[in-house]
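Sequence lines, in order, name chains H and W. Sequential numbering of the first sequence, starting at 1, is according to full-length UniProt numbering. Sequential numbering of the second sequence, starting at 1, is according to full-length UniProt numbering.
It is possible that part of the hints are untrue.
Since the list gives no way to pick one copy over another, a pair counts as held whenever it fits inside one copy or between any two copies.
[What the hints assert, rightly or not] Here are the computed lysine-lysine pairs in the PhoX-like style, where the Cα-Cα straight-line distance is at most 20 Å:
1) 173 - 438
2) 261 - 330
3) 218 - 163
4) 367 - 400
These are calculated hints, taken from the structure and not from any lab test.
Spelled out, the chains give:
Number of protein chains: 2
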Amino acid sequence: MTVNRNAAKRDEVVGALSRVLAREALLAEREELMPYECDGLSAYRATPLAAALPANESEVAAVLAVARATGTPVVARGSGTGLSGGALPLADGILLSLAKFSAVVAIDALARTARVQPGVRNLRISESVAHLGLYYAPDPSSQIACSIGGNVAENSGGVHCLKYGLTVHNILKVRAMTIDGDVVDFGSAALDSPGYDLLALITGSEGLLALTLEVTVKLLPRPELAQVVMASFPSVEAAGNAVANVIGAGIVPAGLELMDKLATSAVEDYVHAGYDLDAEAILLCESDGSREEVADEIARMIAVMQAAGATRVAVSADERERLKYWSGRKAAFPAVGRISPDYYCIDGSIPRAALAKVLGRIEELSKHYGLRCANVFHAGDGNLHPLILYDANIPGELEKTEEFAGEILELSIAVGGTITGEHGVGVEKINQMCLQFKPQELAQFHAVKAAFDPQGLLNPGKAVPTLHRCAEHGAMRVSRGALPFPDLPRF
Amino acid sequence: MTVNRNAAKRDEVVGALSRVLAREALLAEREELMPYECDGLSAYRATPLAAALPANESEVAAVLAVARATGTPVVARGSGTGLSGGALPLADGILLSLAKFSAVVAIDALARTARVQPGVRNLRISESVAHLGLYYAPDPSSQIACSIGGNVAENSGGVHCLKYGLTVHNILKVRAMTIDGDVVDFGSAALDSPGYDLLALITGSEGLLALTLEVTVKLLPRPELAQVVMASFPSVEAAGNAVANVIGAGIVPAGLELMDKLATSAVEDYVHAGYDLDAEAILLCESDGSREEVADEIARMIAVMQAAGATRVAVSADERERLKYWSGRKAAFPAVGRISPDYYCIDGSIPRAALAKVLGRIEELSKHYGLRCANVFHAGDGNLHPLILYDANIPGELEKTEEFAGEILELSIAVGGTITGEHGVGVEKINQMCLQFKPQELAQFHAVKAAFDPQGLLNPGKAVPTLHRCAEHGAMRVSRGALPFPDLPRF
Numbered sequence: 001m002t003v004n005r006n007a008a009k010r011d012e013v014v015g016a017l018s019r020v021l022a023r024e025a026l027l028a029e030r031e032e033l034m035p036y037e038c039d040g041l042s043a044y045r046a047t048p049l050a051a052a053l054p055a056n057e058s059e060v061a062a063v064l065a066v067a068r069a070t071g072t073p074v075v076a077r078g079s080g081t082g083l084s085g086g087a088l089p090l091a092d093g094i095l096l097s098l099a100k101f102s103a104v105v106a107i108d109a110l111a112r113t114a115r116v117q118p119g120v121r122n123l124r125i126s127e128s129v130a131h132l133g134l135y136y137a138p139d140p141s142s143q144i145a146c147s148i149g150g151n152v153a154e155n156s157g158g159v160h161c162l163k164y165g166l167t168v169h170n171i172l173k174v175r176a177m178t179i180d181g182d183v184v185d186f187g188s189a190a191l192d193s194p195g196y197d198l199l200a201l202i203t204g205s206e207g208l209l210a211l212t213l214e215v216t217v218k219l220l221p222r223p224e225l226a227q228v229v230m231a232s233f234p235s236v237e238a239a240g241n242a243v244a245n246v247i248g249a250g251i252v253p254a255g256l257e258l259m260d261k262l263a264t265s266a267v268e269d270y271v272h273a274g275y276d277l278d279a280e281a282i283l284l285c286e287s288d289g290s291r292e293e294v295a296d297e298i299a300r301m302i303a304v305m306q307a308a309g310a311t312r313v314a315v316s317a318d319e320r321e322r323l324k325y326w327s328g329r330k331a332a333f334p335a336v337g338r339i340s341p342d343y344y345c346i347d348g349s350i351p352r353a354a355l356a357k358v359l360g361r362i363e364e365l366s367k368h369y370g371l372r373c374a375n376v377f378h379a380g381d382g383n384l385h386p387l388i389l390y391d392a393n394i395p396g397e398l399e400k401t402e403e404f405a406g407e408i409l410e411l412s413i414a415v416g417g418t419i420t421g422e423h424g425v426g427v428e429k430i431n432q433m434c435l436q437f438k439p440q441e442l443a444q445f446h447a448v449k450a451a452f453d454p455q456g457l458l459n460p461g462k463a464v465p466t467l468h469r470c471a472e473h474g475a476m477r478v479s480r481g482a483l484p485f486p487d488l489p490r491f
Numbered sequence: 001m002t003v004n005r006n007a008a009k010r011d012e013v014v015g016a017l018s019r020v021l022a023r024e025a026l027l028a029e030r031e032e033l034m035p036y037e038c039d040g041l042s043a044y045r046a047t048p049l050a051a052a053l054p055a056n057e058s059e060v061a062a063v064l065a066v067a068r069a070t071g072t073p074v075v076a077r078g079s080g081t082g083l084s085g086g087a088l089p090l091a092d093g094i095l096l097s098l099a100k101f102s103a104v105v106a107i108d109a110l111a112r113t114a115r116v117q118p119g120v121r122n123l124r125i126s127e128s129v130a131h132l133g134l135y136y137a138p139d140p141s142s143q144i145a146c147s148i149g150g151n152v153a154e155n156s157g158g159v160h161c162l163k164y165g166l167t168v169h170n171i172l173k174v175r176a177m178t179i180d181g182d183v184v185d186f187g188s189a190a191l192d193s194p195g196y197d198l199l200a201l202i203t204g205s206e207g208l209l210a211l212t213l214e215v216t217v218k219l220l221p222r223p224e225l226a227q228v229v230m231a232s233f234p235s236v237e238a239a240g241n242a243v244a245n246v247i248g249a250g251i252v253p254a255g256l257e258l259m260d261k262l263a264t265s266a267v268e269d270y271v272h273a274g275y276d277l278d279a280e281a282i283l284l285c286e287s288d289g290s291r292e293e294v295a296d297e298i299a300r301m302i303a304v305m306q307a308a309g310a311t312r313v314a315v316s317a318d319e320r321e322r323l324k325y326w327s328g329r330k331a332a333f334p335a336v337g338r339i340s341p342d343y344y345c346i347d348g349s350i351p352r353a354a355l356a357k358v359l360g361r362i363e364e365l366s367k368h369y370g371l372r373c374a375n376v377f378h379a380g381d382g383n384l385h386p387l388i389l390y391d392a393n394i395p396g397e398l399e400k401t402e403e404f405a406g407e408i409l410e411l412s413i414a415v416g417g418t419i420t421g422e423h424g425v426g427v428e429k430i431n432q433m434c435l436q437f438k439p440q441e442l443a444q445f446h447a448v449k450a451a452f453d454p455q456g457l458l459n460p461g462k463a464v465p466t467l468h469r470c471a472e473h474g475a476m477r478v479s480r481g482a483l484p485f486p487d488l489p490r491f
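Generate coordinates for the entire structure from the input sequences, incorporating the hints supplied.
Put into structure tokens, the structure is as follows:
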């Protein structure tokens, strides 16, 4: 019965879409849909009713019209590199890919802005303006592949967001389409925009409020020089304290990253970045600016590192060495993938003052669960990325991993932090939202959602849990080993 | 009849309030209410039904309960220094002063944050943390008097927001009360907060979404050194082009202000700031940071100024001289008040590339209307503050001034800018909102408002015009001399 009803629904939606989209813009066969079954959180998969690949705004509007007419949910997707399942399709929904929106529309060197379509890859923006001496600052680890539309949806960060801010701080305007098919502008080309700040509201809203059609990004002049200090520490806690001291000294590094020994040893075997394998943890601390600024700042960074007990300090001698130091950080996730059958990347933010305490507690939890945990993260921001190493083929190990991950997120909340840094909530952390927010706050989120999408057709079931779900999650927490998403299909 | 109905309403509301507030926390007599009749936009005045001065959160909740029960609108007020009439009372409403919420609740030097109540004055935050070498960056001209609650409501800026951002970039969390009396937290103590960015949404919402009960602000380390370059130019356009060149050179000054000759001559007579009265315009361009950074940046600033045709360049020799240079900028508004019976301060933002063009057009309009106009503004941000000089005692001159102001705002929109920089919309610019936004965008604002305040009890009639009002404004524009706010009481 259910299968028949689904098939009928599928036929209705595919039929309606085929009347508004060209054949090559509509995928409805099982094998065509396979590439769209998951995003970067590949443990979760679902086959949508259909995937639509519109090439222009009127085709997007036509897809939304079908969604409204048939009451079908829509999940938008950029490059599909997201790590929290924000672009996970719904089995009863349309997957709307914005991959064909891939044009750099305009570059204004004087205003230092670029207008780009949502499917443009993050790194391509910087490549497109390199000849002008400009670049786009936010640099997620996935920047070769991830799209600016996805960056807006998740409010992505990166190594350099400590100094240069998150996506929301680096965009001026988003041209968007509401579920009703109206095209609206959020933000403006000027410093401030009157009315409510819907640009900030839409940024990080994980596709629940509107679809991004074009983004006006801010560009920065490429700094004359960048250098990175690599400092070794005898313990993770000592490195954590050094981070607090750097910030406490009034230095705003261009990036400030911590890697523990498990991470550095995995990396060295893989990319030979030149890390100190005797250190329990290393810090990478970057300075950028004019030659004089960098010289002054690097000297101050070294002084703080040494006072905080660094056992070795090195400074990149040239651009080649700087990139070599960073190559290890950028390759840390795949490097960890080489030493473990599976790993689970967590994303939480904590006040910097709590760094040493939280890192110590993660070590205890690692022993308790018998699971190794590598720490590689944006220390300057307090944005943790513990990587739990596990083997999905060992029965119960994934569940144990998720429990461990849940405890880290709850710990983040307990010290005054949050369950996200830059990866979003998606489906991954939706239950932890029940701990992060009280019912009145969740109710306010739902009211805002209804102000944009009263039928709840845009990416339902992601990012903000229903109060009902939270009530159930409260019950779930009694037996901690339960799966967080029993209602989602598993791969 | 109307008078009797108003009197009955007044008795009902005052009676209800008197049951929940102490006598000294409730003002209802005409003479007691006079100080609350207007904010900094003093051309508009109204007497509220009553003014409530609650001292704690349960008293605020009790006032809101009266408002809900009696269907009475509520206008919140901090120090009342706002320039767009955001805190203008409503004749049929309650004026809710948060002046008694004046505590600095907590200072965390390591996290570099402070928790303050909304009635705390902007400058007092920096004074309270000066012994720690810290300060709060946003510095509106009114910073001696304006409150942080008002700063949040208006998303205030200041001279230093070019480098350090607006209020929204300098706060982490707002504890707020909804119209239902629920206490909710927007934002978090960490880098990022999951869910929709309601902190940014509430910031600059002009009291229409919720009441601020506490603000967690970010603190910055006081820079080792600050120096200011004062450069003279033979025309306003040349100064405007120099601004674009400074930014184009990749310099981010701590402040970059332009004053034209009408402004500098008014200032020199008043505070003797040492300005070059032979110049048609001067720029004040500040650098802050370590000694080495400042030395390097000042040298680059001077080179750009000279290449842009500066006829004289001076650098502050010491802190005393730096403050003297800024004293003129800070006193510019009262100084202009000394050379004209009245002046009207406008606040618009334009893309920097349009500076010279817009300044030229303002000069033409000044001749057309026969009204002098002084330019004193945050040039680096493209945030204009033309001051139109007029005499309210000359019949028709205020109307002419408002028409001139309206043309400047419409010009800002035409070049891709906006009708606000940092003063908000309030009642002052509500009609220009009809030009800034299209109906679908205004409808989205109203939907967001309804998500917080479905009855429309919080500061109704401010910031976002109804579509009906915009339809009427469209008609109004045929006869340009019409008053922008015919339905508001005039002083």
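Structure-based check of all given hints:
1. For a Cα distance limit of 20 Å, the shortest separation of residue 173 from residue 438 across copies, 15 Å, qualifies, whereas the shortest one inside one copy, 31 Å, does not.
2. In the homo-oligomer, the alpha carbons of residue 261 and residue 330 lie at most 20 Å apart inside one protomer (16 Å), although the nearest pairing across protomers, at 54 Å, exceeds that limit.
3. Proximity of residue 218 and residue 163 under a CA criterion of 20 Å is satisfied in both settings, with 15 Å inside one chain copy and 14 Å between copies.
4. With identical chains, the CA atoms of residue 367 and residue 400 are at most 20 Å apart within one copy only, with a shortest distance of 12 Å there and 76 Å across copies.
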